[in-house]
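Enquirer: Sequences and hints are given; from them, build the entire structure.
Number of protein chains: 4
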Amino acid sequence: MNKVGIIGIGHVGATSALIMAQRGHVGEIVLVDKKEAKVKAEQADLQDQIAILDTDTTITVQDYDAESWDQLQDADVIIFSAGQIEALADHGGQRDYELQVTSKIAREIAPKVKASGFNGVIVSITNPCDVIAQILQEEIGLDKSQVVGTGTGLETARMKHAVATATGYNYHDITGYVFGEHGDTMFPVWSSVKVAGQPITDFQLPLDDLTAKIVDGGYLVYRGKAYTNNGIATRANVTAEAILNDSHRAIPVSAYDEAKGLFVGQVAVLGRHGIEKVVPVPLNESEQELFDKSAAAIKANYDKVH
Amino acid sequence: MNKVGIIGIGHVGATSALIMAQRGHVGEIVLVDKKEAKVKAEQADLQDQIAILDTDTTITVQDYDAESWDQLQDADVIIFSAGQIEALADHGGQRDYELQVTSKIAREIAPKVKASGFNGVIVSITNPCDVIAQILQEEIGLDKSQVVGTGTGLETARMKHAVATATGYNYHDITGYVFGEHGDTMFPVWSSVKVAGQPITDFQLPLDDLTAKIVDGGYLVYRGKAYTNNGIATRANVTAEAILNDSHRAIPVSAYDEAKGLFVGQVAVLGRHGIEKVVPVPLNESEQELFDKSAAAIKANYDKVH
Amino acid sequence: MNKVGIIGIGHVGATSALIMAQRGHVGEIVLVDKKEAKVKAEQADLQDQIAILDTDTTITVQDYDAESWDQLQDADVIIFSAGQIEALADHGGQRDYELQVTSKIAREIAPKVKASGFNGVIVSITNPCDVIAQILQEEIGLDKSQVVGTGTGLETARMKHAVATATGYNYHDITGYVFGEHGDTMFPVWSSVKVAGQPITDFQLPLDDLTAKIVDGGYLVYRGKAYTNNGIATRANVTAEAILNDSHRAIPVSAYDEAKGLFVGQVAVLGRHGIEKVVPVPLNESEQELFDKSAAAIKANYDKVH
Amino acid sequence: MNKVGIIGIGHVGATSALIMAQRGHVGEIVLVDKKEAKVKAEQADLQDQIAILDTDTTITVQDYDAESWDQLQDADVIIFSAGQIEALADHGGQRDYELQVTSKIAREIAPKVKASGFNGVIVSITNPCDVIAQILQEEIGLDKSQVVGTGTGLETARMKHAVATATGYNYHDITGYVFGEHGDTMFPVWSSVKVAGQPITDFQLPLDDLTAKIVDGGYLVYRGKAYTNNGIATRANVTAEAILNDSHRAIPVSAYDEAKGLFVGQVAVLGRHGIEKVVPVPLNESEQELFDKSAAAIKANYDKVH
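Chains as they are written, first to last, in full-length UniProt numbering: chain A, 1 to 306; chain B, 1 to 306; chain C, 1 to 306; chain D, 1 to 306.
Treat the hints as calculated values from the structure; they're not laboratory data.
Please note: incorrect hints may appear among the correct ones.
Since the list can't tell identical chains apart, any single copy or any two copies may satisfy a pair.
With a straight-line cut-off of 30 Å between C-alpha atoms, the simulated DSBU-like cross-links for lysine-lysine are [claimed, not checked]:
id: 1; residue 1: K40; residue 2: K260
id: 2; residue 1: K213; residue 2: K144
id: 3; residue 1: K213; residue 2: K38
id: 4; residue 1: K38; residue 2: K299
id: 5; residue 1: K277; residue 2: K38
id: 6; residue 1: K114; residue 2: K38
id: 7; residue 1: K38; residue 2: K293
id: 8; residue 1: K34; residue 2: K260
id: 9; residue 1: K35; residue 2: K299
Expert: Listed below in structure tokens is the structure:
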């Protein structure tokens, strides 16, 4: 039976659970959150949902205060979405403040996961995504292949969305990837992008404007909703299923990069035990520069909390 | 192509759209909301979601300020979820205050829908559900068969959830319905309830306690989350699909009752044009009394805003 | 990862795999069949199918000639659909001949499954369903809770279909079960059947005619197609998923009956380890007689091959 | 409500209906077949299937002998899968014989479809696919944009399958298309093919051997099963859904080519009214030669039956 833990049942964690119950591929979801009334409310609402659908997922709650989160011991995947978006809002959405808050949260939670003996794969969403994925990997003591961040998976979707809008093609006919930090220094690997089999360079598009649109995609949603959840929670589900099904799919994620010594958005093949290999998608010279620069930005953030 | 409008993109409307995009049965969703930045943010987040999934749903936005909401003209179904749950929170969740606010909203919106020439079916969620469904039907001038409220559909799920918990059976093996007001006077038709083919009366359960639990189910979620969305948005989707597929399914909804002259939670057969007939589920004497009492409560509320 | 073996890739086994790949809940399907070219062809056709869908299921083939079918060792569920429907056709569809052929096949295959160390749950389809389920359980040496036949699950669907046609209601609004032999002595437990909450006895239907229609349902399909596959393969999938998800659902299956000492169609709660309990659905006096008579028919067949 | 007709309920047509009922996007399927007992048997088996699933699709049967197939009048899509694979087998699978048989069938059926006033989109599967698509378009008198053949959609899946096997990547990470005749002169547009973002030319694969494998993929299945159904029926469903949802997806199909004056496998954008445009996927010089040659092969066949 597929079993998934979700740590942090805010907007993103709750929506991840909702989509997971809707899709019906997972036999048990373990919810974990500091706010007991909130997590019990989400459990009840998920159970009402499942009672209406024709799917079977058992929803359980792990006691947050336990020193060892034993219910995660035999989970196949943990989705990590703990954060504090309200606090962030109070600080004007400053990424630096977020880094301080969420790295502290990750360090508080890691020992409880470690104590459980969990030996599956973590799909980490919490921002700054690349740094938090690394902190979790180090603090829980998992192999580097056992942790992925959702990374530029969401930006890859936004790239497809932006290119689809600009060309009139369907999102699903745009292929290619966004690489780098899950943040402002990310960049589309334009040399990899095709539109229904046609190189994007054939379309005479202002690619820098498109890149700006992709970066702005998240802010547009955040400004209007005060959070983002649909895209990112779908991204987390699809990534988790690639692992649960031992799919060997190549997925845009934040994966540990041996050369850089850190987690960064690129493409990796995922299977039952996490990352099987990083895919050497060809980057041209300027893309390689952007990748180096983006990795440097992640490194700078990482150093701030070490 | 199936086309659905969703009016009111708060938690419930946004989650309804998210689930609809996930399920992929609908070709176009038209979003309508007073808050422009919010509705555009939801549109973008839904598009990011669809770019990740393998489904095809076009997400459009109807200009709220237009006098005629023309994009709804050829919609097959409208989900009505406009409300103001934050205002409600400020008034301690008082149902009376909610009635005043939402009946006003319904009356503001109805002419814009009417002007579009919409001639499909409305699935109304906004509370108090039974009264608002009736106001919409009257103000838009649709046939009584063209409007349903989600009514006691959600309580029916909560009844299954409560009985499953009490008996150890799976939600999906509990059959039967909850009738009456979508509110505190609702009641399970216990004489209709079976547990994997066994009458519930064989289980020696404290049925009044179970009824209390069903009523409390919504409050538990509301207290912990400040809103409810998973169950109700799923309920709205399932009801909409029963209509879109011309399914002739018997669904617990708020349907117009000829004898009572109002909308009230009962079972109705739904097809492409809305309600095909109300199902005469047998009620025993005490259940009939509860039904009368519950209808009276709806009537009292209805009279307050007429 | 969910792993399922399918033994016997004729029409029913192949369709079971097709539906399983379509639904996408299973990470690996192991195909087993005597005809090597056939099983490789089905593997390739399934892989073409999956390449078009957005699901991930690995399709592998177990060498039939191996003494131990090691690829089934860690399967969670085996669907057993080995038979020889063409030979049956040559004998005018005689059930007696089928019994001789399929019981021999089951006895040939059982040691290979046993040798693998398989310790999951078998969902057996091969006819005569109740007898073959028992032979498999005995010969493989599994616990009685680890084997279910699809039994009257299909007749339960046909009962819903027949009642829906007779009343104008939707299949999904008919609740209740068919019990007994998967064969001509099966019987609907009419006292359990409701139509959208209304007892079927309120409808003044000729119930004996409806029973005859249910029995004939299979023959109608068989006469027109020379086999049946959609319904039975769907039934097998739904039953397998109830097990894989540890759902605790109450499912109409052929389950071992302690009192009768044999496998017979009734309702059982299914979980990860197979049957958790048989549900004591109330039978009235005449239904109890039919049950006894049907069990006796199974016993007579069982004795013919022991 | 989405409504689809399926003409020809052999293995491919029946499997198309089975998958369609499983997916649940279509409200009504109209089955049409010369063999009345067969079509009624498929109807009943589909209804049994739907009674088990949680989907709602009405299955109806069009009287074959009627001069006008009126039930198709308001269908959105017709899947055309009429043929005579058994007769083909008797003639050693000779394509020439097939052409004579199926072109005659298409010409017999076309007037009945035309008489109904059907004005939707035809997705034609029957072989030789490109020629039959054209005959249907001409004989029914639909616009060229209203007919597509499944064409090289299936070979595109087989290309992904072959490349995935050769490289160890997942089918879904292979992008690109196969063009040309649905038959032995088809060819992968290797210059369009990427493997998880990497050009296939980086992999040092024997591409001609891979091409041979793709051609042989169909024969392998045919030899082992005596027909193919999973892949092609899935392909037809996905193509039909792209139309039903007005998706504007770029799909590998057999589409009318203005320059060649015939239907040939290439990529086209599909929407509610059929083909919106042919996508100018860049072909290198040798690919263009292969395309010309393949088109000539189609032309030669087309001329044989005109």
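Enquirer: The structure should be examined with respect to each hint, and the outcome stated for every one.
Expert: Right, here's what the structure says about each hint:
1. K40 x K260: For K40 and K260, the Cα distance exceeds 30 Å both inside one copy (42 Å) and across copies (38 Å).
2. K213 x K144: neither (32 Å within a copy, 38 Å between copies)
3. K213 x K38: For K213 and K38, the Cα distance is within 30 Å only across copies (18 Å; inside one copy 35 Å).
4. K38 x K299: neither (35 Å within a copy, 34 Å between copies)
5. K277 x K38: Classified as neither; 38 Å inside a copy, 35 Å across copies.
6. K114 x K38: within (24 Å within a copy, 40 Å between copies)
7. K38 x K293: Neither: 40 Å inside a chain and 34 Å across chains, both beyond 30 Å.
8. K34 x K260: Classified as neither; 35 Å inside a copy, 48 Å across copies.
9. K35 x K299: For K35 and K299, neither the intra-copy (32 Å) nor the inter-copy (39 Å) Cα distance is at most 30 Å.
The earlier numbered hints that this structure contradicts are 1, 2, 4, 5, 7, 8, 9.
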